[in-house]
Amino acid sequence: DAKTTQPPSMDCAEGRAANLPCNHSTISGNEYVYWYRQIHSQGPQYIIHGLKNNETNEMASLIITEDRKSSTLILPHATLRDTAVYYCIVGYGQNFVFGPGTRLSVLP
Amino acid sequence: DSGVTQTPKHLITATGQRVTLRCSPRSGDLSVYWYQQSLDQGLQFLIQYYNGEERAKGNILERFSAQQFPDLHSELNLSSLELGDSALYFCASSVFREPLGNEQFFGPGTRLTVL
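Chains as they are written, first to last, in this note's numbering: chain A, 37 to 144; chain B, 1300 to 1414.
Extracted from the complex, chain B is given alone in its bound form (with noise of 0.2 Å):
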């Protein structure tokens, strides 16, 4: 078990619609990270936020946003899904500080099916 919790577990919805995945941090960490792992892509880094702030910015369609909340839990939201948005998406944490180097601990993953 990372700490890092995630939910829900598993998502089936139609194209078109609207999503929102939550992930809380393991404690004490400042920054969260998103990832999409789909068939073809492999594990692709999506957006990072530190602190409230965002931080990195990866592969992340402009229909996909995230937020971190002063409790510092995380909420990404797909929205307009298509059919290729279906994949596992994962929340990883970290504490960020300098020196960097830290390594990042990640949840269980959300499992998004879209029909």
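The shape of chain A in the complex, shown without the other chains (with noise of 0.2 Å):
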């Protein structure tokens, strides 16, 4: 079973940022933070990932709690080319456990 607990969907306004949270509450002292998302039938594709500090790039932003027990991935300008499912995953970067994932929506 999947380590992580994502809301099963989210909408987004066009330009505004879109906020997905992911809770990991038995998250290990080692393990990573993932984010990947799948749009329609492709591969997932890489977002971004963490340990403990917030991380940046040009794709987005990860924010990670103190306790590491919790983050968010932040799309500063969701477009509608963003509309895909988006999973949370932690580990060590092996054997990837996904779960159903958040199906985000952005809307015009």
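Among the hints, a few may not be true.
Straight-line distance between alpha carbons at most 30 Å, and here's what the computed DSSO-like set of lysine-lysine pairs gives [claimed, not checked]:
#	chain 1	residue 1	chain 2	residue 2
1	A	Lys39	A	Lys105
2	B	Lys1356	A	Lys88
3	B	Lys1308	A	Lys105
4	B	Lys1356	A	Lys105
Keep in mind that the hints were calculated from the coordinates and are not lab data. Quick caveat, the model's predicted, so the values are computed rather than measured.
Given two chains presented individually in distinct reference frames, assemble the corresponding complex, making use of the accompanying hints.
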């Protein structure tokens, strides 16, 4: 079973920030938090990952709480092309366990 | 484009048959992973290879097998196919270096339809 809990769906207005939450209360000390997304039936696309510190790249920001029990993926200016299923995964980078994810719909 | 390639893109076959799916990892990646995505099960990890050796096993059926060759490409063999094997099969690769925490990069997948 996945070690994460995500809302099944979210809507976001185009141009606004999309904030996707993830709970991982049983995360171990050395486990990373990964975010992927899947657009239709394409291969999952890596977005970002982090251990303890907040991370930012050209796609998104990852905010991890101090106790590491939850995190938020932020897409700063969502576009229609960001409509996808977003997966939050915790682990060591090996055999990922995917949950059902959050279906994000970006609305015009 | 993740740099991971998979062939074929689509495969249609009959029950009882055997098929081989192929994956070429990103340049420099030593580890290959196979995942299955079906409508009712979601994305499930099947097996991992690292530099030619099996490293981890997930929910892989005994009818399925995989290997990684010296040039690091990998093949997933599915035999005695059943209707329920119809799914998307994804390959991913990573460098898998210590310390762990490496991201995996996924290929475009092979869509298998068993009739």
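Hints, verified against the model:
no., hint, in the structure
1, A:Lys39 to A:Lys105, "11 Å, holds"
2, B:Lys1356 to A:Lys88, "28 Å, holds"
3, B:Lys1308 to A:Lys105, "39 Å, violated"
4, B:Lys1356 to A:Lys105, "27 Å, holds"
Of the hints listed earlier, the one the structure fails to meet is number 3.
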